[in-house]
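> What follows is the residue order along each chain.
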Amino acid sequence: MDRRKALMQMGMSLGYVVAVPTFVSVLQSCKDKKKEVWTPIFFTKEQGVTLIGVVDSILPKTDTPSASEVNVHVFLDNFAANVMEKKQQKDFKAILDLISEKALKSSEKDNIVALTEKDIAPIVLMFLKDKEKDKAFAKKVRELTIWGYKCNEYVGEKVLAYLPVPGEFIACDSVEKLTKGKAWSI
Amino acid sequence: MSKFYFNEEQDFYDAIVVGTGISGGWAAKELCENGLKTLVLERGKMVEHIKDYTTAHLDSWDFPNGGKLTREQKAQQLKQTRTGRVNNADVNNWFVNDIKHPYTETKPFDWVRGYHVGGRSIMWGRHSYRWSEIDFEANAKDGHGVDWPVRYKDIAPWYDKVETYIGVSGENLGLEQLPDGQFLPMMEHNCVEQHFRDGVGKNMDGRVVTAGRIAHITGDKKFEGRTKCQFRNRCTRGCPFGGYFSSNSSTLPAAERTGNMTLRPDSIVSEVIYDADTKKATGVKVIDRLSKEEYIFKAKVIFLCASSMATASILLQSKSDRFPNGLGNDSDQVGRNVMDHHLGTGASGTIDGFEDKYYKGRRPGGIYIPRFKNLGGTSNSKNFIRGYGYQGSASRKNWKDAVAELTMGAPLKDAILKPGGWVMGIGGFGEILPYQDNRMFLDYDKLDEWGLPTINFDAEIRDNEHKMREDMVNQAADMLKKAGFKDIKARNGKYNMGHGIHEMGTARMGKDPKTSVVNAHNQIHAVPNVYITDGAFMASASCVNPSLTYMAFTARAANHAAQELKKGNL
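Sequence order for the protein chains is W and Z. Using the numbering used here, you'd call the opening residue of the first sequence number 97 and step up by one each time. Using the numbering used here, you'd call the opening residue of the second sequence number 30 and step up by one each time.
Don't take every hint at face value.
Take a look, some chain W residues computed to stay more than 12 Å from chain Z by CB distance [as the list claims (entries may be wrong)]: (1) 133; (2) 136; (3) 140; (4) 156; (5) 201.
Taking lysine to aspartate or glutamate pairs in the EDC-like style, the calculated list, with each CA pair at most 16 Å apart, reads [what the hints assert, rightly or not]: (6) 543(Z) <-> 361(Z); (7) 235(W) <-> 434(Z); (8) 389(Z) <-> 272(W); (9) 426(Z) <-> 359(Z); (10) 276(W) <-> 384(Z); (11) 97(Z) <-> 253(W); (12) 278(W) <-> 159(W); (13) 447(Z) <-> 181(W); (14) 447(Z) <-> 193(W); (15) 447(Z) <-> 385(Z); (16) 225(W) <-> 430(Z); (17) 254(W) <-> 88(Z); (18) 327(Z) <-> 38(Z); (19) 97(Z) <-> 142(W); (20) 227(W) <-> 434(Z); (21) 225(W) <-> 434(Z); (22) 278(W) <-> 384(Z); (23) 426(Z) <-> 239(W); (24) 348(Z) <-> 359(Z); (25) 429(Z) <-> 239(W); (26) 447(Z) <-> 272(W); (27) 276(W) <-> 443(Z); (28) 426(Z) <-> 385(Z); (29) 276(W) <-> 385(Z); (30) 314(Z) <-> 88(Z); (31) 543(Z) <-> 176(Z); (32) 510(Z) <-> 227(Z); (33) 389(Z) <-> 269(W); (34) 348(Z) <-> 430(Z); (35) 189(W) <-> 142(W).
Have a look at the derived ranges for each label pair, beta carbon to beta carbon [stated by the list, open to error]: (36) 249(W) <-> 101(Z): 16 to 26 Å; (37) 236(W) <-> 99(Z): 14 to 24 Å; (38) 496(Z) <-> 185(W): 36 to 46 Å.
If you're looking for bench data, these hints aren't it; they were derived computationally from the structure. Here the structure is a predicted model, which means the values were calculated and not measured. All residues carry an ideal CB built from backbone N, CA and C; glycine is no exception.
Please work from the sequences and hints to get the whole structure.
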């Protein structure tokens with residue numbers, strides 16, 4: 097990709113990040129803690145740092161927790177280790193490596209561990225919009241991040257509308273009345 | 030070694046039932062309620078209703094990896110997981126280990142099954158439809174297979190009995206091709222399904238969309254030991270409420286209450302024993318699953334309800350001087366005419382205008398579109414015979430567009446926490462004709478760990494089914510289009526025989542002992558004290574889910590057996 101285009105896209109996503117500076121700093125302090133304590137079982141330490149940035153780029157902190165705050169990165173590390181087939185495992189590692197490589201370049205940092213969501217988000221956005229084959233797995237990571245987020249206990253029980261035993265079926269009513277606009281969690 | 034439940038072991042029984050699934054449970058109940066001392070044998074482990082439904086209350090976050098099977102788990106169930114339903118830790122324990130229970134495939138065959146008390150009545154789809162006169166007449170009219178010696182009027186009272194006992198929610202429509210029944214209140218359509226129903230009715234010559242007729246308790250009628258469906262849609266895990274019908278929630282407890290049932294799990298029936306002098310079966314040979322010791326149990330009458338494929342295996346293994354090719358196999362029809370319902374065709378679409386509407390409760394069924402082809406006049410097709418129906422539903426789980434459009438970040442997160450777009454999908458269930466050379470064999474070179482031969486499948490769908498599938502795809506897309514849906518995606522997916530998990534036909538019913546295995550009362554022609562009432566007896570497949578028909582024929586056959594015993598005819 098030519099430099100001008102890359103800068104333009106970075107600029108666009110930076111615009112969005114700048115719009116929520118408080119959250120970024122909160123996220124930052126929180127994430128740094130995780131970097132210290134979490135040792136991935138499947139990914140390398142560096143890939144783990146990138147993964148946190150990736151999942152939080154996809155689902156950042158808003159009035160609800162970010163993906164990493166509910167441990168989606170830990171979930172995906174386990175999932176990659178135990179569920180994924182070899183080909184997917186390889187693709188997952190490769191996309192994280194490619195993201196960190198580009199993020200290092202654009203941020204002019206020399207250590208992956210120093211990368212933040214701010215460095216990683218523009219790259220993830222670029223990859224998600226890219227149609228090239230070597231970026232295709234970014235979309236799979238997004239899909240898994242959303243799935244991991246939604247089958248998390250906190251999100252499932254506190255964020256979404258949770259009703260383990262409905263006891264009745266209401267076929268058609270207003271969203272507002274039934275769930276106050278939320279999706280059912282299960 | 031396993032043990033006997035509910036009664037002590039006896040030297041001799043009035044009846045033996047092989048299998049505890051949907052037909053075995055009914056045989057047990059009816060025989061016991063007729064006063065017969067009945068031994069019920071199950072090859073798998075004991076399952077106690079409620080207590081053994083270990084995943085019934087778990088949420089996805091209670092399972093490692095959200096419930097997805099690990100590579101190691103999946104490697105044990107490579108064939109079972111060909112159906113997506115099995116690929117999750119909430120239900121996979123009900124399905125066999127493919128390494129422990131192997132079979133081979135000359136042509137691809139998905140043999141998806143569970144070995145435990147209750148069998149597939151725990152994991153079944155619960156759709157319950159009557160056959161019509163059109164189905165019973167089909168073989169005679171178009172010359173495929175052999176004519177059924179039974180017509181709708183013979184079985185209708187038994188459908189009444191079964192529906193009344195199991196509880197089926199549904200709607201009477203007065204259709205010739207899908208007879209009315211004894212229904213509990215139907216589960217309502219959500220707003221988009223209602224829109225689809227209205228649109229199809231208005232724009233497709235009155236074609237009918239109705240609620241799936243499913244064996245769930247709705248309304249206020251009382252059922253012993255069971256309560257109303259709670260709309261959890263976790264049926265396949267086993268329902269602690271008894272909201273749907275299973276052997277475990279219903280027929281086996283009924284049999285137990287008579288005091289006449291003895292249940293022995295872990296009992297693999299290898300043979301039916303034939304006595305050439307009396308020309309009757311005298312009992313069964315059993316291998317204990319755990320100790321591998323052999324036992325013989327004796328009875329006056331034997332019901333084979335082991336499932337279509339397992340029953341055929343038992344017959345083929347039961348060799349004697351009189352039956353060198355297997356018990357009751359004078360016609361060479363045992364193991365032939367394998368049928369199923371072919372799946373994998375259908376369409377889905379999205380719709381605008383219902384964004385402010387939602388539903389509450391996870392309804393365990395959806396809509397049903399009864400057969401509308403080859404019913405005479407303009408409905409007749411030049412390309413294929415027989416028919417098909419569809420099952421489907423609409424839901425708000427379509428986040429795909431939001432994800433693609435919003436890419437990532439806060440707006441995406443906001444979207445995925447709200448109800449997604451509406452998507453309506455329908456999938457076809459097509460009739461497969463009975464072909465004599467669609468068959469299963471026993472392979473004596475590949476034995477299982479109990480020393481028994483394994484099954485090889487050699488069956489496939491043919492020209493009639495392929496042409497039917499094309500129509501199923503086109504009609505599905507057309508219905509959605511005419512009902513106002515958009516972004517319609519039609520599909521004609523890969524289908525392996527067996528994938529419908531409706532195996533039928535391996536010991537077909539007929540009038541002539543030269544071309545069929547059992548008579549109109551499900552008795553083996555030449556061995557009248559052996560009844561076959563699982564899917565094996567089916568002489569054709571219809572396009573509707575078969576379990577209700579197995580139950581009706583089983584109840585009828587069990588009452589026939591009880592009467593014949595009383596008359597001294599068996």
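> Hint by hint, say whether it matches the structure.
Consistency of the hints with the structure:
| no. | hint | verdict |
| --- | --- | --- |
| 1 | 133 | holds, 21 Å |
| 2 | 136 | holds, 15 Å |
| 3 | 140 | holds, 21 Å |
| 4 | 156 | violated, 6 Å |
| 5 | 201 | holds, 20 Å |
| 6 | 543(Z) <-> 361(Z) | holds, 8 Å |
| 7 | 235(W) <-> 434(Z) | holds, 13 Å |
| 8 | 389(Z) <-> 272(W) | holds, 12 Å |
| 9 | 426(Z) <-> 359(Z) | violated, 54 Å |
| 10 | 276(W) <-> 384(Z) | holds, 13 Å |
| 11 | 97(Z) <-> 253(W) | violated, 20 Å |
| 12 | 278(W) <-> 159(W) | holds, 14 Å |
| 13 | 447(Z) <-> 181(W) | violated, 32 Å |
| 14 | 447(Z) <-> 193(W) | violated, 33 Å |
| 15 | 447(Z) <-> 385(Z) | holds, 11 Å |
| 16 | 225(W) <-> 430(Z) | holds, 14 Å |
| 17 | 254(W) <-> 88(Z) | holds, 13 Å |
| 18 | 327(Z) <-> 38(Z) | holds, 11 Å |
| 19 | 97(Z) <-> 142(W) | violated, 26 Å |
| 20 | 227(W) <-> 434(Z) | holds, 15 Å |
| 21 | 225(W) <-> 434(Z) | holds, 10 Å |
| 22 | 278(W) <-> 384(Z) | holds, 12 Å |
| 23 | 426(Z) <-> 239(W) | holds, 14 Å |
| 24 | 348(Z) <-> 359(Z) | holds, 12 Å |
| 25 | 429(Z) <-> 239(W) | holds, 10 Å |
| 26 | 447(Z) <-> 272(W) | holds, 11 Å |
| 27 | 276(W) <-> 443(Z) | holds, 14 Å |
| 28 | 426(Z) <-> 385(Z) | holds, 14 Å |
| 29 | 276(W) <-> 385(Z) | holds, 11 Å |
| 30 | 314(Z) <-> 88(Z) | violated, 43 Å |
| 31 | 543(Z) <-> 176(Z) | holds, 13 Å |
| 32 | 510(Z) <-> 227(Z) | holds, 13 Å |
| 33 | 389(Z) <-> 269(W) | holds, 8 Å |
| 34 | 348(Z) <-> 430(Z) | violated, 61 Å |
| 35 | 189(W) <-> 142(W) | holds, 11 Å |
| 36 | 249(W) <-> 101(Z): 16 to 26 Å | holds, 25 Å |
| 37 | 236(W) <-> 99(Z): 14 to 24 Å | holds, 18 Å |
| 38 | 496(Z) <-> 185(W): 36 to 46 Å | holds, 43 Å |
Comparing the model with each earlier hint shows violations of hints 4, 9, 11, 13, 14, 19, 30 and 34; every other hint is respected.
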